[in-house]
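So the protein lines, in turn, are chains U and Z.
The first sequence runs 123 to 279 under this note's numbering.
The second sequence runs 123 to 279 under this note's numbering.
Because the hints were derived from the structure by calculation, they are not lab data.
Owing to the predicted nature of the structure, the values given are computational and were not obtained by experimental measurement.
Check the hints yourself; a few may be wrong.
Because identical chains share one entry, a pair is satisfied inside a single copy or across any pair of copies.
With a Cα cut of at most 20 Å, we get these calculated SDA-like pairs of lysine to any residue [stated by the list, open to error]:
(1) LYS217 with PRO271
(2) LYS250 with SER141
(3) LYS217 with LEU206
(4) LYS231 with GLY177
(5) LYS265 with PRO175
(6) LYS265 with ALA172
(7) LYS250 with GLY207
Number of protein chains: 2
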Amino acid sequence: MSARENIPYDELETGQSASFQRSIGTREIALFAAATGDLNPVHLDPGFAASTPFGEPIAHGMLTGGLVSAALATVLPGPGTIYLGQNLRFRLPVKPGDTITVTLTVTEKRDRRRWVRLNCEAHNQDGKLVANGEAEVQAPAEKMTVDLPPEPAVSLC
Amino acid sequence: MSARENIPYDELETGQSASFQRSIGTREIALFAAATGDLNPVHLDPGFAASTPFGEPIAHGMLTGGLVSAALATVLPGPGTIYLGQNLRFRLPVKPGDTITVTLTVTEKRDRRRWVRLNCEAHNQDGKLVANGEAEVQAPAEKMTVDLPPEPAVSLC
Numbered sequence: 123m124s125a126r127e128n129i130p131y132d133e134l135e136t137g138q139s140a141s142f143q144r145s146i147g148t149r150e151i152a153l154f155a156a157a158t159g160d161l162n163p164v165h166l167d168p169g170f171a172a173s174t175p176f177g178e179p180i181a182h183g184m185l186t187g188g189l190v191s192a193a194l195a196t197v198l199p200g201p202g203t204i205y206l207g208q209n210l211r212f213r214l215p216v217k218p219g220d221t222i223t224v225t226l227t228v229t230e231k232r233d234r235r236r237w238v239r240l241n242c243e244a245h246n247q248d249g250k251l252v253a254n255g256e257a258e259v260q261a262p263a264e265k266m267t268v269d270l271p272p273e274p275a276v277s278l279c
Numbered sequence: 123m124s125a126r127e128n129i130p131y132d133e134l135e136t137g138q139s140a141s142f143q144r145s146i147g148t149r150e151i152a153l154f155a156a157a158t159g160d161l162n163p164v165h166l167d168p169g170f171a172a173s174t175p176f177g178e179p180i181a182h183g184m185l186t187g188g189l190v191s192a193a194l195a196t197v198l199p200g201p202g203t204i205y206l207g208q209n210l211r212f213r214l215p216v217k218p219g220d221t222i223t224v225t226l227t228v229t230e231k232r233d234r235r236r237w238v239r240l241n242c243e244a245h246n247q248d249g250k251l252v253a254n255g256e257a258e259v260q261a262p263a264e265k266m267t268v269d270l271p272p273e274p275a276v277s278l279c
């Protein structure tokens, strides 16, 4: 397990920023498809993808949404955060082999129910913006350090 | 493989509606965590979840986002759709064992770039709204029938 300290509502400041990085490969795309049932062949079938404007398989846009969720849940504000809402605009395709960096920035705080808005940007390894939007969360009330569970061990057959 | 016919831009009408259903269990939650790296213990660690207001593990909100993506990609408009943007509000927790029905309704069409807006609602098996929002897509230009790939075979270790 990996211990992770959160940033409770009282310690969050407008302008505060943090990032989360993850590489996306055919494995992550297959796992996302198996989790959600999104069997869009543009993500899973190289032959079909070759017939599209993308030319090759691309990741599900909502997989990048999952990276934004991971960033909020594990980094800023971190454990204890309750996810209230998200908007996202998909700007460029994410391809297997890309490394995506999600950067979160606190843009607004309201004491009622510890409501926080964060700007969210996802860039690839070339610095290109692949998706962006805004998250709304309820920040944790208390400072805490939580052991993150290990990544579930799965094998693709 | 399962053959799926899309609904191209010219055949889409405001008010047109379709739905996609999927059951969410601990398996889907673990696969989503393994795909995205979102290791939030409220989803994966029953002991931690028992200490939260939810009392038991809940699904990642963005997993419901993945079901919306699946609905757009496989049902309405279906294969050939390009996902441009999404907003989502998470209303109620989704728990292992819940069956979620995503209902999409076309609310707006604009000929330029075959732009379509759809209302998205996700209900659980008790008819309660767990998430809702709006999607923006580029609808397919041409009618086509596509073989959806099989769901990737994965095993949890």
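Results of checking the hints against the structure:
1. Within a single copy, LYS217 and PRO271 get their C-alpha atoms only as close as 27 Å, which misses the 20 Å cut-off; across copies the closest is 18 Å, which meets it.
2. In this homomeric assembly, LYS250 and SER141 come within 20 Å of each other (Cα to Cα) only inside a single copy, at 15 Å, whereas the closest approach across copies is 34 Å.
3. For a Cα distance limit of 20 Å, the shortest separation of LYS217 from LEU206 across copies, 16 Å, qualifies, whereas the shortest one inside one copy, 29 Å, does not.
4. For a Cα distance limit of 20 Å, the shortest separation of LYS231 from GLY177 qualifies neither inside one copy, at 43 Å, nor across copies, at 27 Å.
5. For the identical chains of this complex, LYS265 and PRO175 are inter-copy neighbours only, at 16 Å across copies versus 48 Å inside a copy, given an alpha-carbon limit of 20 Å.
6. In this homomeric assembly, LYS265 and ALA172 come within 20 Å of each other (Cα to Cα) only across copies, at 18 Å, whereas the closest approach inside a single copy is 49 Å.
7. Taking identical chains as interchangeable, the C-alpha atoms of LYS250 and GLY207 lie at most 20 Å apart only when they sit on different chains, with a minimum of 17 Å there against 25 Å within one chain.
Hint compliance for this structure: hint 4 alone is broken.
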